[in-house]
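Protein chains in written order, with this note's numbering: chain A, 455 to 863; chain B, 455 to 863; chain C, 455 to 863; chain D, 455 to 863.
Any given hint could turn out to be false.
If chains are identical, the list can't say which one is meant, so a pair holds when it fits in one copy or spans any two.
Lysine-lysine pairs mimicking DSSO-like chemistry, simulated, CA-CA at most 27 Å apart [to be verified]:
no., residue 1, residue 2
1, 616, 586
2, 461, 795
3, 461, 734
4, 627, 654
5, 739, 646
6, 616, 646
7, 688, 521
8, 627, 521
9, 734, 626
10, 573, 739
11, 495, 507
12, 495, 646
13, 586, 743
14, 794, 654
15, 688, 755
16, 507, 626
17, 626, 586
18, 646, 599
19, 507, 599
20, 533, 626
21, 507, 616
22, 743, 654
23, 795, 654
For the record, the hints were derived by calculation from the structure and aren't laboratory data. Since this is a predicted model, take the numbers as computed values, not measurements.
Below, each chain spelled out in residue letters.
Protein chains: 4
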Amino acid sequence: MTDTLIKVDLNESPYTNEKIHNRWHPDIPMACWVEPGDDFKIETYDWTGGQIKNDDSAADVRDVDLKQVHFLSGPIGVKGAQPGDLLVVDILDIGAFESSLWGFNGFFSVNNGGGFLDKHFPTAQKSIWDFKGMFTESRHVPGVKYAGLIHPGLIGCLPDHKMLDMWNTREKKLFDTDPDRVPALATLPDTKAAHMGSLKGDAFNAAASTGARTVPPREHGGNCDIKDLSRGSKVYFPVYVDGAGLSMGDLHFSQGDGEITFCGAIEMAGWLHIRVTLLKDGMSKYGIKNPIFRPSPMAPKYDDYLIFEGISVDESGTQQYLDVTTAYRQACLNAIEYLKKFGYSGAQAYSILGTAPVQGHISGVVDIPNACATLWLPTDIFEFDIMPGSDGPTKHLNGSIDMPIAPDL
Amino acid sequence: MTDTLIKVDLNESPYTNEKIHNRWHPDIPMACWVEPGDDFKIETYDWTGGQIKNDDSAADVRDVDLKQVHFLSGPIGVKGAQPGDLLVVDILDIGAFESSLWGFNGFFSVNNGGGFLDKHFPTAQKSIWDFKGMFTESRHVPGVKYAGLIHPGLIGCLPDHKMLDMWNTREKKLFDTDPDRVPALATLPDTKAAHMGSLKGDAFNAAASTGARTVPPREHGGNCDIKDLSRGSKVYFPVYVDGAGLSMGDLHFSQGDGEITFCGAIEMAGWLHIRVTLLKDGMSKYGIKNPIFRPSPMAPKYDDYLIFEGISVDESGTQQYLDVTTAYRQACLNAIEYLKKFGYSGAQAYSILGTAPVQGHISGVVDIPNACATLWLPTDIFEFDIMPGSDGPTKHLNGSIDMPIAPDL
Amino acid sequence: MTDTLIKVDLNESPYTNEKIHNRWHPDIPMACWVEPGDDFKIETYDWTGGQIKNDDSAADVRDVDLKQVHFLSGPIGVKGAQPGDLLVVDILDIGAFESSLWGFNGFFSVNNGGGFLDKHFPTAQKSIWDFKGMFTESRHVPGVKYAGLIHPGLIGCLPDHKMLDMWNTREKKLFDTDPDRVPALATLPDTKAAHMGSLKGDAFNAAASTGARTVPPREHGGNCDIKDLSRGSKVYFPVYVDGAGLSMGDLHFSQGDGEITFCGAIEMAGWLHIRVTLLKDGMSKYGIKNPIFRPSPMAPKYDDYLIFEGISVDESGTQQYLDVTTAYRQACLNAIEYLKKFGYSGAQAYSILGTAPVQGHISGVVDIPNACATLWLPTDIFEFDIMPGSDGPTKHLNGSIDMPIAPDL
Amino acid sequence: MTDTLIKVDLNESPYTNEKIHNRWHPDIPMACWVEPGDDFKIETYDWTGGQIKNDDSAADVRDVDLKQVHFLSGPIGVKGAQPGDLLVVDILDIGAFESSLWGFNGFFSVNNGGGFLDKHFPTAQKSIWDFKGMFTESRHVPGVKYAGLIHPGLIGCLPDHKMLDMWNTREKKLFDTDPDRVPALATLPDTKAAHMGSLKGDAFNAAASTGARTVPPREHGGNCDIKDLSRGSKVYFPVYVDGAGLSMGDLHFSQGDGEITFCGAIEMAGWLHIRVTLLKDGMSKYGIKNPIFRPSPMAPKYDDYLIFEGISVDESGTQQYLDVTTAYRQACLNAIEYLKKFGYSGAQAYSILGTAPVQGHISGVVDIPNACATLWLPTDIFEFDIMPGSDGPTKHLNGSIDMPIAPDL
């Protein structure tokens, strides 16, 4: 029986759990300590800490309090870890709780979070995904079923003070270029809703006021949302503080490259079983700035694809310069238009792209002025044939089922 | 014996071959006509028309005349094809010529072409790759060998006048925002070095003056540089003019996602064997704007990866907003630093990323303000183990071999 | 929360559990009933019912009571199922119990069970394999680690009386050709140690005296030991009796093709999560005699192989006629000799072939008089490089660790 | 340009080509010599030397002279190779001739060759397969198309006298157990139709009278018919004579495991591009008796399967003991019955199993008395869906097309 070092109770607020935090700061005390070579389990909340429910209303998505995210389990201290080391994490397994075999996907309102296609889908919507063994399906998005490529959206070690300062400085600088923008250009430190583990009182206030938000991925990894950093992977994390301070959360049952729906992948609470070891002085030995990893030997084999191209001309017809982000947005929009021909609503198609093991490739990035990105849609996730044919597409869905929507109040 | 409809002679200038062109324009006459269902072969020059030689000097890369590129074979008229149709192209096979079993890769001088990492590699360099059956290896980049995922970097149908106007207008608008920039923001129509197939005299002049350059990918596909659109793929191209007018060229023996070295993948002359059919009125039936395709059932299995992350903070430490292009550049730079620990020069590492079947994924594109991109380096292409280990990296290469370099004159 | 319809207590004898049986007979009462479309969980004993322990002695393997095997969970009645239907079973997931995260592999004594290579390994030996998340490793077989391709070695529906008679008749006929052979040519009905679910008294005696042993695979599937009929598979089983009567057991964490060690794969107790549906009259519609199945979209990717050939000349040098069994035995022996060069004992090598996701292919079966079989040894399961090289093999293991052995008393 | 060391002219008899032989004997002179490290091309006849034509009659299959087979190109002498070495062969590429882009498959008459299912298909039949780039399809077997996993059915080094004697002795012993059997139990040396390269006169007679037939695979490899020993593989062959004497032929465009149709796979003439190196004293270093190999990084990805089981109860209902050959035959027969439900004739279904990249696995070989074998039918080779469904199978073929048949005269 493997020890569970951090437990969560989904019926209690994460704020009452001292082994949870939702900001990055070197002063957050270690939630527990382990030896190199140990393997153990860690439980996590879903990234919102339970704000989104298994129901048929998107009001909770519309009204989500994003200042709270992401609730992370940790930090885990690893004895002997020192700045400059690499912390090697074997993700031995990940799973949902038996009592909570479901996850959510959705789009935030453009006025509260937004997302990759928020100009096209500006209103909060939600889909619920049930887990049946290794598979998931949704009562809101018929005709698709996937085996899960389960992964933590967010995992990494504590920054030291110097790195934290750098993060805060550079993100503030960007934010200040358009401070009133909605959605904001960056999420800055905010004591409101901060949770700093077991820190209390003045120590809490001091840390919370400079604690970096968990939203973006950074040098330490963090919220990378890499679908292939999944159960079975071996990850090498830079260490910045004594003891490393590894935290993790934001579990996804399945996600497409880009996590374009933002809210999010198929988001779930659950547990990880990991083993930690140290590669001493690994950062300089291997020239490491960001984490590197070896993907798992076990992943769903959805390897027959229909591939959509996109170029960096935006929706207004304006030419952008070698902009992969724009090109990928066009590829996604092209795929959505295609799926609508089979009877899906645009929202359902968008949700599929956010939740299925879709690949997003950077295909050509030097052919001025257009970048080319490709979206790889796995065809085996559909119950029907979605390849083009001379008979034209068949509307397999009659539109009677759609995703709940919650207009802004 | 399959008919070869377009032949090239590598010892003659492409300008003397009336079935070759290097600009996009609806007035370029069809080089030949085929029936739907026909299969046939098409020969092509390398994209530069033979400017780069199989030798150990990078002077030709430095001095390349980029106004000439890309030399395409076509257009091929398909009887019955009409605007709005999809032209279905089965790429049955692609190969190099028996008399020319080599290709080149290189970096252009930042003053004549540039590339994805031109700030880091501003000087022209070149590597030559020999083909031995399905494999390639280079005398300038030791320790790696790959099976080729052979593909046309450039393939697509002629635009109609309306689409051509749109291309020219939007690219000119971008160009004009910084007309003196080096490298330029866009490549505009240029009669100098234009080759319009069999067009001569006034017709040539008229078409060449507005003929779109072949450099960027666009709505019709074109220079997408998608490594997986390879031999064995089935591609669905939008048709804009009667007869479709399919052209192709820029063959690559192997390429990494992004074709980051720009000059280019492993570039080669060669031939394609294709079959064409029509899906009538397919564009509206399937909601198609850009080409879509089904990848080949046959591709090299280099599926063990070491994955590098990059985020959209640029080399100066400045925070960019959800910019995948920047994030991928960082992932590439991270991989280069890593490979240098094994004894490669930076240039050799860069060349590997441009030529090997590297994957570039758009991993997280909503976690403001950082996009996350991942570069997947296949480990089986190396003769030695490149995984991290407790002994630290071994310098397998002693630096005695490097890629030729040609400083600007 | 999914319902568990059959539970087992590993601390109690399977003979006290009325939802367990170890013979095939149409009169065994259904342990439970479900509706088509239901999904549910089933728990199982290991195949021996707990006879083999997690320790370092092979005495339990030597002394095993094989009359008891295999303990199966079921039969499960499916409402509406009729003879001639196909029972479609989606294996949604399989796992070990949290309280029992280990399995065993071993070779039986040639005098009590034997095995594929019992002439070469005539003595009982055992290895214990620990499960760490999706991976397994053994304290008795160092240097290898695998992700599990978990599957039921045994699953199928109850025979009707006619089929049961046929089985008993044909196996008796074979047995009688050499009734004193050790190991026996067939395992015949034996009331001793029989467990017929909830049957008692005369009904028990009647059924036990003709109940077919569970050892061989037969028309209904049964003990096929097909490693790829794993979690995520969809299986189509012939139905012979009203209600189908599906039973299952003999879970394996991992196994090589052939299950050559007989005792067995990596044998474990655990649970299955399955969904059942009906394909009415499917046997005649599709011409089905034996089960067919679609393998899982999720399986460990150990796809780099070193392949060993074997031909149907036996160890004495005698030419056998197109005998794949002999050819595969030679391929296995060849692989064992090879692995010994790296420091493994023969027993350890044999154990690897029985437990790792080794493939056994029927490569040529018409080239008289030699069949050719190939054994595909996955190279990525080893911690060190096992490919041949000019330096000769390195002994990575010093022989200090071996598998427990228990000579016959 | 790669040197072609052995050329063939398909319009001339192989008997006039001194670099061709059709028996194994150490006295056959080397056809050419190469240095270790050399790469070069070798051309080959099809295995019958052109006896089977690209037409719509099976008379040539019925009347084939099997004493002539197989015509091999070689032997190639490798300088420095000595008995006990391993000859390492990199198969860099394989292809058909541009002038001969087709192959044949068929079943021999049971009275002249027979095959795996000759009791069920006793009469000569033939199908012709056209090659279109990397794909093949047949005018006699509609509805299927495959990319080729091209491989030499037969490749290996010359035996020494001692090994040759052993082969002849053990095969004669088997033959003598039933010398009148049709088909014969073994093919013994036969001077009639022998071709011993450049040997003439007495030397020819002496060698031909003891030269081993090329039909069976043996210790040296030879006619293994392993579909995965394909272009891109690296093979390690035992060396028995000075210079090694590597010969090869019997090229297959595609084949299923077992090559069950015997005549044969998709048989073709063509060329190989190989590189040879030596691993000195490799046989004892690595304990090698039969060849071992590493499969290619490039193979068609037909990895969605419908899997058929077979057990070792033969067609008469007789129980065979752990007989994989019988079990695989039953799995093949089960697959044929299944395919007939979609409109294929039995002969067409048989031909698909012999030519498509079907896998044949040894699934359980210890569960007395039944072996279990599985046949893996790739579903993506079919133009239509062949998975079972609630609507029952659709007859996609109307029976208007079948394979030519030629009854015995």
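Do the hints match the structure? See the list:
1. 616 <-> 586: neither (45 Å within a copy, 37 Å between copies)
2. 461 <-> 795: Neither: 46 Å inside a copy, 41 Å across copies.
3. 461 <-> 734: Close neither inside one copy (30 Å) nor across copies (47 Å); limit 27 Å.
4. 627 <-> 654: Neither: 30 Å inside a copy, 57 Å across copies.
5. 739 <-> 646: neither (40 Å within a copy, 51 Å between copies)
6. 616 <-> 646: within (23 Å within a copy, 54 Å between copies)
7. 688 <-> 521: Close neither inside one copy (31 Å) nor across copies (44 Å); limit 27 Å.
8. 627 <-> 521: Intra 20 Å, inter 41 Å, cutoff 27 Å: intra-copy only.
9. 734 <-> 626: Neither, since 34 Å and 54 Å both go past 27 Å.
10. 573 <-> 739: The answer is between: 25 Å across copies meets 27 Å, while 45 Å in one copy does not.
11. 495 <-> 507: both (25 Å within a copy, 26 Å between copies)
12. 495 <-> 646: neither (30 Å within a copy, 45 Å between copies)
13. 586 <-> 743: Cα proximity of residue 586 and residue 743: none, with 39 Å in one copy and 30 Å across.
14. 794 <-> 654: Intra 52 Å, inter 46 Å, cutoff 27 Å: neither.
15. 688 <-> 755: both (20 Å within a copy, 15 Å between copies)
16. 507 <-> 626: Neither way: residue 507 and residue 626 sit 33 Å apart in one copy and 50 Å across, limit 27 Å.
17. 626 <-> 586: Intra 44 Å, inter 43 Å, cutoff 27 Å: neither.
18. 646 <-> 599: Close neither inside one copy (39 Å) nor across copies (47 Å); limit 27 Å.
19. 507 <-> 599: within (21 Å within a copy, 40 Å between copies)
20. 533 <-> 626: neither (34 Å within a copy, 60 Å between copies)
21. 507 <-> 616: neither (39 Å within a copy, 50 Å between copies)
22. 743 <-> 654: Neither: 32 Å inside a copy, 56 Å across copies.
23. 795 <-> 654: For residue 795 and residue 654, neither the intra-copy (55 Å) nor the inter-copy (45 Å) Cα distance is at most 27 Å.
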